[in-house]
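For the protein sequence lines, the chains are C and F, in the order given. Every number in my numbering is 409 more than the matching position in the first sequence, counting from 1. Every number in my numbering is 975 more than the matching position in the second sequence, counting from 1.
Incorrect hints may have been included.
Said to hold, decoys possible - FRET-style restraints, in silico, Cβ to Cβ:
1. F/L989 to C/G628: 47 to 57 angstroms
2. C/S548 to F/L989: 23 to 33 angstroms
3. F/L1336 to C/E427: 34 to 44 angstroms
Hints in this document: simulated from the structure, not taken from any laboratory. Using N, Cα and C, we set each Cβ at its ideal position, and we do this for glycine too.
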Amino acid sequence: MIIVENLRKSYPDLEKGEVKAVDGVSFVCEPGQVFGLLGPNGAGKTTVMRMLATLLKPTSGRATIAGFDVEREAELVRRHIGFVSNNTSNYDRMSAREMVEFFGRLHGMLEDELQDRSQMIYQQLQMTDFLEVTGGKMSTGMKQKVSIARAIIHNPPVLIFDEASVGLDVLVGRSLQNAVLELKEQGKCILYSTHHMREVERICDQIAIMFNGKILCEGSHEQLREQFQKGDLEDVFFDLVEQQSLAEPEG
Amino acid sequence: MNWLNVRRLFVRELLGQLRDRRTLFTTILLPVMIYPVLGLVMMQAAQFISENWSQVVVVGDFQYDGIPELLTSEQRDGERYVVDESLLEIVPEVYPEHATLEGVRESLQQRLDSKEFDAALILPPDFQQYLEYLQNVVRGDVALRSEPEDIPGPVIVFNSVVDKSQIARGRLAGLLNSWEEQVRTRLFEIGALPLGVATPVDFQIQDIAPAESQAAEFWAGMIPIMLLLWTLSGAFYPAVDLCAGEKERGTLETLLCGPAKRVEIVTGKLLTVMVFSLATSLANLVAIAFTGVFMVAKMMPEGSDLHNKLGVFPGWSILWSLVVLIPLVAMFSALSLAAATFARSSKEGQYYMMPLLMLALPLSMISVLPNVELNLGTSLIPIAGSSLLLRNLVESQFDVAIRYVLPVMASSAFCCYLAIRWATFQFNSEAVLFRESEKWDIRLWLRQLVSNKPWLPTGGMAIFVAVSILMLRYLAMVTASVPTDWQEFVLNNSIALMVTVGVPAVLVACLLTRNPLGSMKLVRPAPAALALAIVLPFLLHPAVLWLGVGIEQLYPLSPGMKEAAAPIDKMLTQAPLWASLLAIAIVPGIFEELAFRGVILTGLQKNAKASSAIFVSAAFFGITHGILQQSLNAFAIGLLLGYVAVRSGSLIPTIVMHILHNGITVLVANFAAEEPLSKLMTRYDGQLMYDPIVAVAGFVVAAGLLYAYHRMTRTDPGPLSAEVWSDD
């Protein structure tokens, strides 16, 4: 379970002075739920996710993952999450198998357990054909599959996908969505950020739209359409972002 | 720390590096190849130089009656003479009639400039008469002239800028030297004099150093430098790839969001870098030894010019250097890792190589300096100690080396620990790990400085103040004139301290922060802190003086330094007590504290743990004192002052401590011989010192008080929390 309470992150900027990258964000993501974070570039999605992955420290506020505080119990948090982002690459000089098993061992998995689980994941993600291919020679789709396998090898209760579908073709994108849905079925708590509205509509149970570091609205797909009386999520998104841009022209 | 994780990370990183051809080439293959290739090139070059003949012109007659010939008829080959053993081809020319020596020289100079020949020898006509006169004198036919003999001898004309001309000069001089020997012998024969008359005091030199040590001097100086530089470069390239390269490729973020702790990641990477640094050093050692044993020996056989100049290559004994390499490898690896972590990309990482080289090179050059020996003092200097130890090992002076292995290792291990801490700090700093490249705009930066001031100084401001102080102190040192009386000394010293130390700190606190008083820690202290500040200087002064003596034993003051300090000491004895206290206690006590424990320490506390901030501020405080012996003492005092400033949160106690400590020094210098101070004193090495028992007792009581204070004050909160830096 992810609980985020009034999370803030600011950093100094030469041009703007202090930039509030995340400004009082709160939400809860339950097990067996996919929570979608939507927002334009610079909205603060990646910063929220990096704070939850303990890569960045919050300026203020609090967040817990699987009951562990991201600031005070960072190591325990990292043991209970799988993090996939378009910034997290694979090692060029390591094969898919080596990469996945390396992270499994880092998580302290026993050899038998590691082999059983990795075989299952290779089958599930259809990786058996390129297990010995090194990172440098993989296609984007292959790389993304290895990233997912690396993130779920230790069977974490919480998964964070930060724009994981960027650069994927339709087929690989669809298989990523299927993988996420399967993980959801397994009872994982999943935080998912993307720019693709169709993707959100298909896989997310709860959606939050972020702009300038704040969550503008939150609810299920249906709730948001109803609240803003729009036909689809894309219209809701454009309306909200437009209103905010007018209200905060310098944002 | 989970060592199993460290091992996993190490194996992964090692595997990754071993699969990278560029790293393998730079760290292993290049050092192995470079020496044999260099050796081959040098062999070819030496052969090329040695087989070149020198073209020389001899102007004037060189056949003299009764005297051995300079050039014999056997050496004649047509119009010229060929001297095989000197590689000289000599064309004789007649000395122009009625020409002056100056005129002949000028004409030869022009021909030399147009490269007609490499060098020339002028044998003036009156030189022949002079040789005849010498023969007559030794025969007893004529009396020795009483007036000074001003007969021009042979003159070699050459151009020192042209290498070929230099070589020709050397060969001509050799030819003349051997001819001079023959002429001398002939003259002694004519006069029936023993040859010993020419060298009546024929002394001998007996060198007791082992043959291998005296012969290897040049190599013993050079090998440590080469080895140290390769060790650094062997560490640097993998470090850049493992940190900046991983950042660039996005794999660092993958690793950081994994379960391994940052310290485990740093250790795993450090071990990998160490392996490559060590491998580079090993490859170097073997390549140097191989090239030396098999090629240098051929290139410069015994008796050759190069052999005489460079000595015998020490051979396989250089492999002993491996003993010293491990701590050095660890230190360079940690330093490289920390520097490489700071870089955003591999390209940026390469830029940080130069500062590291600039740091390592002068220290490793110590091994080639004359009169610098391995002793306890030099062995404790990082890099320099290792370099000197390496020199001793290469010289086969194992008895000296073994005495200082431990201090060298301890000093290297301490530096290694600091470097590892720095690297770990970098890995924990999100500003370092995730900093984006932004366009540097000085106007924007200045506008931000003024319009968006922080509540307290930042780490960058602290470093700025520290560097400004160092530069201003240096400027003041090189421009200051030597004071002529105590008034001038007191005035100059006080003004210089205010301007160079106080002003940068106060300006930064007032102009660049929103809380100038807080930035300088000018807040009311707790009574306990004040009480401690009053008592500690009295208790610790004896120990600090003994520390100074210990430091001077390790690093004795040079006679020049003592000579320079003597007039100042004399001036101070003439100054009234109030003036000495003002210049030495009050002014430094206030302004040095405002800067070092005020703005610098407060700024450093923002980005680092209190212990690191204290260490760095004390290091700057030490360096500002200029003279090594004073710097070490000031560093130790700076640590204590920094601790009290952090624990009390106020600068007032440290100002009190500083003024009292320096004030006591002035008083002791003036009244040590008088009652009641003299009761605490004893004589050591000609000067009055505190009784060691007094020093130990004072130290123990002070340590007890500090411990009690430590227990009663708050625990170290680490880097000051963000709230402290905002006034919300």
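Hints versus structure:
Checking the proposed 47 to 57 angstroms range against F/L989 and C/G628 shows it holds: the Cβ atoms sit about 51 angstroms from each other. The supplied range of 23 to 33 angstroms is met by C/S548 and F/L989, whose beta-carbon atoms lie about 28 angstroms from each other. A hinted range of 34 to 44 angstroms for the beta carbons of F/L1336 and C/E427 is consistent with their spacing of about 42 angstroms.
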